[in-house]
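Chemist: Kindly generate the complete structure, drawing on both the sequences and the hints.
If you want the building blocks of each chain, they are given just below.
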Amino acid sequence: MNIYRFELKSNFKSFLVWVLCLSFVTIGYMAFFPMIHDSIGDFTKMLNNFNPILKDAMGIATSTFSTAIGFYGFVFIYVSLMMAIQAMNLGIGILSKEERERTADFLITKPVSRITIVSSKLLAALTVFLATDIIFSIVTYIQLSNISDENVLKPYLLINLSLLFIQILCFSIGFFISTILKKIRAVLPISLGIVFAFFAISRFLINDDNKVAKYFSPFSYFDTNKIIKDNTLDITSVVVFAAVVIVCISASYVLYHRRNVHSV
Amino acid sequence: MKNVIEINKLTKYYGHNRGITDVSFDVHEGEIFGFIGPNGAGKSTTIRTLLALIYPTSGEAKIFGLDCIKSAPEIAKRVGYLPSEVFYYDGMKVIDLLKYSASFYKKDCSERIKSLSERMNLDLNKKIDDLSFGNKKKVGIVQGLLHSPDLIILDEPTSGLDPLMQQTFFNLLEEENKRGATILMSSHVLSEVQRLCGRVAIIKDGKIVTVDSIASLKEESYKRFKFIMKTEVTPDFFNVTGVNDLKVDGNEHSFIFKGDINLITEKLSGIKIINMWADEPDLEEIFMHYYSKGE
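The listed protein sequences derive, respectively, from chains A and B.
The opening residue of the first sequence carries number 1259 in the numbering used here; numbering runs sequentially from there.
The opening residue of the second sequence carries number 973 in the numbering used here; numbering runs sequentially from there.
Check before you lean on any hint, since a few could be wrong.
[As the list claims (entries may be wrong)] Below are the DSSO-like pairs computed for lysine-lysine, each with C-alpha atoms no more than 27 Å apart in a straight line:
1. K1150/B <-> K1355/A
2. K1195/B <-> K1355/A
3. K1049/B <-> K1271/A
4. K1098/B <-> K1441/A
5. K1271/A <-> K1099/B
6. K1042/B <-> K1440/A
The hints are simulated quantities; they were obtained by calculation from the structure and are not laboratory data.
Modeler: Pasting the structure below:
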């Protein structure tokens, strides 16, 4: 538990920055909704002139701007992008930082198994995500319920649940990558690269016709417009999500257990 | 005598590159054991394997009778380790790091932290980032000893410490040893090994060359001689039994000698010299001797 507490402490500042920035940015965006809603006729007309591919790429559906939750679904695309970066950063960084900052000798020669080290770090990351999502959800919901005419709590929670899934997925992939690579000099370039690649794949390469391809990007497992329409999460996606996470995490356990920790 | 460390044919390859080959030696309970060799010989590789930081390609090592890889966490409870270079988490105060370190051991270490840092003259409230290399090293020392370990493993312990602090540190190690702790220290500084250790293992190119007591190494007593001659002599003038590594450059003769020094002084009696030097050869030179013996 001491490693867990230590990790929470050392990640607290960055967590605070992320959750505050994201909440405020989202509130800021959502503040535009009443304005757009008032002139929805002109707005829809304008959007209909857009190229359908571009509309898809930006995550705009016909229903998007007519309801507050639809608008939130639109904003959510960018929220999820940011959260994914946070998660990927943490995934790639949380274990590899010990070797990068040359503290691995200190930690591993303590009376703890590597299994415990990995578990503590996983638990700490999960705590960070849950805390981020809960705070973000509460703050954003206060505003959403103000501007929405109907009760949207259930689709809202489902959308934000999919956010947790995206975070865990990105984290697991990052975690796995960090145990494969021998040495990671800088975390941010790698995590940004991977997340933007995922984002681009989900925006430009994947459409509804392709049932398998969507599992290649964490962003396309759950379609927010679909969540709003069906009021439920796609169960197949949940199963695939669980499978990918389990594979990544178990592989990380095995790889880190066997890892040779070199001096510098 | 009980063995605290038993290393048996330990071998580690990095891909095709040699790390260590068939390293075997034992460290007895209660002794201070030196592990010497030049940089890159495999000292750190051996130590890192003992600590389960890296995995051996073949062979095994036991600490307290337990397999050093399989029982690593169990062993670590009773081991204190001081790495050659010390790095700690950013932005932490010395006391926070020491408390974090202590939190891994199921005992109260606050008294030890206090007395050790007083001994080492270490300011607990400073940020580790702001410390000099030598002071960081002190953090490492306190960190490695705060749980009163039964086995202390040190990798190049004195680099970066000023002579006064080295002295304090050596006294501290000797006290720990009297308390009952076994000590394994690697070094390439022969004098500190001679000062502290009872026995040593010499490693070269990943292989153990010799395991011997300091006393018998001293009996073998190597000396490095250099003479600048006034009298003209033949290049093989000093080529007698016990002379190794003889180099002649004009009227300058240098060599490593092992044996009865009177043999050399007798040779000098009939001739005139301009200058002479007699030194303890450094480790590298003794090493060369062991190395040429193997060839």
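Chemist: Are the hints correct? Go through all of them and say.
Modeler: Hint by hint, here is what the structure shows:
1. Between K1150/B and K1355/A the CA atoms are separated by roughly 38 Å; this puts the pair beyond 27 Å, and the hint is violated.
2. Pair hint K1195/B plus K1355/A does not hold up; C-alpha atoms about 48 Å apart against a cutoff of 27 Å.
3. At roughly 32 Å between alpha-carbon atoms, K1049/B and K1271/A are farther apart than 27 Å, so this suggested pair is violated.
4. A C-alpha spacing of about 30 Å is found between K1098/B and K1441/A, which places the hinted pair above 27 Å, so the restraint is violated.
5. This hinted pair checks out: K1271/A and K1099/B have alpha carbons roughly 18 Å apart, not beyond 27 Å.
6. Simply put, K1042/B and K1440/A have alpha-carbon atoms about 23 Å apart, close enough for the 27 Å limit, and the pair holds.
Going down the numbered hints, you'll see the structure goes against 1, 2, 3, 4, while the others check out.
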